[in-house]
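K.L.:
Sequence:
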Amino acid sequence: KSRFMQEIGEGFGGQRTYVSPGETGSANIVKQLGSHQDVGRVDKNNKQFGHEITVITIQSLNRLFRAATSRRRDALEKAKFLLESGLIFADEVHHYLTPKALEALTAFLVNNPQSLMIGATATEGYSDEKNAGRQFGTLLHRVDLAEAVGEGVLISPHISIVKTGLSLDGQRTTLGGDYVFNERIPRK
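Taking this note's numbering, the leading residue of the sequence shown gets 25, the next gets one more, and so forth.
Any given hint might turn out to be false.
[Said to hold, decoys possible] As a list, the in silico SDA-like pairs of lysine to any residue whose alpha-carbon atoms are at most 25 Å apart:
(1) Lys68 to Phe36
(2) Lys124 to Asn135
(3) Lys124 to Val134
(4) Lys124 to Tyr203
(5) Lys124 to Ile179
Don't read these hints as lab results, they were simulated from the structure.
Start from the sequences and build out the full structure, keeping to the hints where you can.
P.N.:
Now the structure itself:
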């Protein structure tokens with residue numbers, strides 16, 4: 025996905041925004057883009073607005089739009105700049121299937137109808153309700169696991185099964201489908 029996003033971005037040129045699910049993803053995207061480009065990073069610890077390329081976490085994007093809708097002048101200017109992006113890459117879109125995240129991503133397209141948004145995921149559907157394809161539209165490209173391993177994009181999977189006696193039955197999940205772990209996981 026990173027190589028695809030980078031190649032499309034280079035061919036597109038102009039102002040673009042990469043949305044990532046967290047700080048690790050942001051750091052990886054910034055590293056992939058390289059130091060020869062004008063890249064700013066916006067996350068919990070970085071507030072580098074005003075660059076041709078902005079890499080922002082979905083959490084920071086949500087906070088920025090909340091602040092902008094409350095008419096905070098600094099947030100309005102930052103949001104306006106981001107919304108001028110002609111190309112938006114939403115990496116790991118399966119994390120953005122919550123109403124709040126979808127609203128933040130939709131703001132790009134509403135404010136700049138000429139912009140193009142591309143979502144990428146290796147987990148295209150959790151369930152019928154939370155389905156990346158249904159939310160993001162036309163599938164442009166699919167690479168199955170064998171093809172990705174064959175192209176050297178992924179290493180060959182190595183699987184180990186470890187019996188722990190622990191169970192995830194009854195554990196809560198976030199709206200995005202990730203588990204919320206308590207101190208003690210009930211044993212079977």
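K.L.:
Now tell me if each hint is right for this structure.
P.N.:
The hints, checked one at a time:
For the hint pairing Lys68 with Phe36, the CA-to-CA distance comes to about 28 Å; that exceeds 25 Å, so the pair is violated. At most 25 Å may separate the alpha-carbon atoms for a hinted pair to count; Lys124 and Asn135 meet this at roughly 17 Å. A C-alpha spacing of about 15 Å is found between Lys124 and Val134, which places the hinted pair at or below 25 Å, so the restraint holds. Between Lys124 and Tyr203 the CA atoms are separated by roughly 19 Å; this keeps the pair inside 25 Å, and the hint holds.
Distance hint between Lys124 and Ile179 is unfulfilled; the C-alpha atoms sit about 34 Å from each other, more than 25 Å.
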